[in-house]
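Asker: Input sequences plus hints: build the corresponding full structure.
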Amino acid sequence: RFLEPEAVQLLSFWCCTPQQMRRFIGIILNAKYRVEKDHQDIGVLIPLDDEELKSLMTKALRRYFNALRSNEKHIKNVENYLYGTMQNLFGVCGTNKRLENTRPNTPKKKSRPTTPTVGCTTSPKRLQNPF
1 RFLEPEAVQL
11 LSFWCCTPQQ
21 MRRFIGIILN
31 AKYRVEKDHQ
41 DIGVLIPLDD
51 EELKSLMTKA
61 LRRYFNALRS
71 NEKHIKNVEN
81 YLYGTMQNLF
91 GVCGTNKRLE
101 NTRPNTPKKK
111 SRPTTPTVGC
121 TTSPKRLQNP
131 F
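With full-length UniProt numbering applied, the sequence shown corresponds to residues 1 to 131, in that order.
The set of hints was computed from the structure by calculation and includes no laboratory data.
Don't take every hint at face value.
[To be verified] The list that follows gives simulated cross-link-like pairs (lysine to aspartate or glutamate, EDC-like), each with its CA atoms no further than 20 angstroms apart:
| id | residue 1 | residue 2 |
| --- | --- | --- |
| 1 | K59 | E4 |
| 2 | K37 | E4 |
| 3 | K54 | E72 |
| 4 | K54 | E6 |
| 5 | K59 | E79 |
| 6 | K54 | E4 |
Answerer: Right, here's the structure in full:
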């Protein structure tokens with residue numbers, strides 16, 4: 001499964017038949033394949049089993065259905081809008097994953113050691129109104 005149960009439930013609210021569900025899932029997969037094809041020169045591969053991506057897909061679907069319900073954007077073709085939504089999501093996720101994999105292994109900056117504090121950590125002078 002590449003969709004979280006919540007994402008499947010969101011789709012089931014909109015899709016009345018298994019054929020419609022299959023169509024919507026096909027649109028999501030087509031958007032993924034298109035992004036991979038468009039960015040094959042930089043080697044973008046989008047793993048559908050990535051837990052972070054699953055969560056982002058659920059959020060994107062929630063936003064998509066909220067946009068359909070609110071009708072503020074005057075969406076004329078719901079399938080095209082779903083395709084665009086998913087293509088944008090996969091485009092961002094795919095290029096981010098690729099960037100993570102191509103960054104040189106540089107040591108992370110050392111953080112300053114923290115000392116445990118009790119009570120307020122902000123000095124009273126910072127809280128005073130300057131006017």
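Asker: Against the 20 angstroms threshold, does the CA-CA distance of K54 and E72 hold or violate the hint?
Answerer: With a Cα-Cα distance of about 27 angstroms, the restraint between K54 and E72 is violated, given a limit of 20 angstroms.
Asker: Need the status of pair K37, E4: alpha-carbon distance at most 20 angstroms?
Answerer: Not satisfied, since the Cα-Cα distance of roughly 25 angstroms exceeds 20 angstroms.
Asker: Hinted pair, alpha-carbon criterion (20 angstroms max): K59, E79. Please report holds or violated.
Answerer: Holds. K59 to E79 sits at ~17 angstroms (cutoff 20 angstroms).
Asker: Taking 20 angstroms as the top limit, are the C-alpha atoms of K54 and E6 close enough?
Answerer: holds, 10 angstroms
Asker: Compare the distance between the alpha carbons of K54 and E4 with 20 angstroms, and conclude whether the hinted pair is satisfied.
Answerer: holds, 6 angstroms
Asker: Need the status of pair K59, E4: alpha-carbon distance at most 20 angstroms?
Answerer: holds, 10 angstroms
Violated hints, in rising order: 2 and 3; the structure is consistent with all others.
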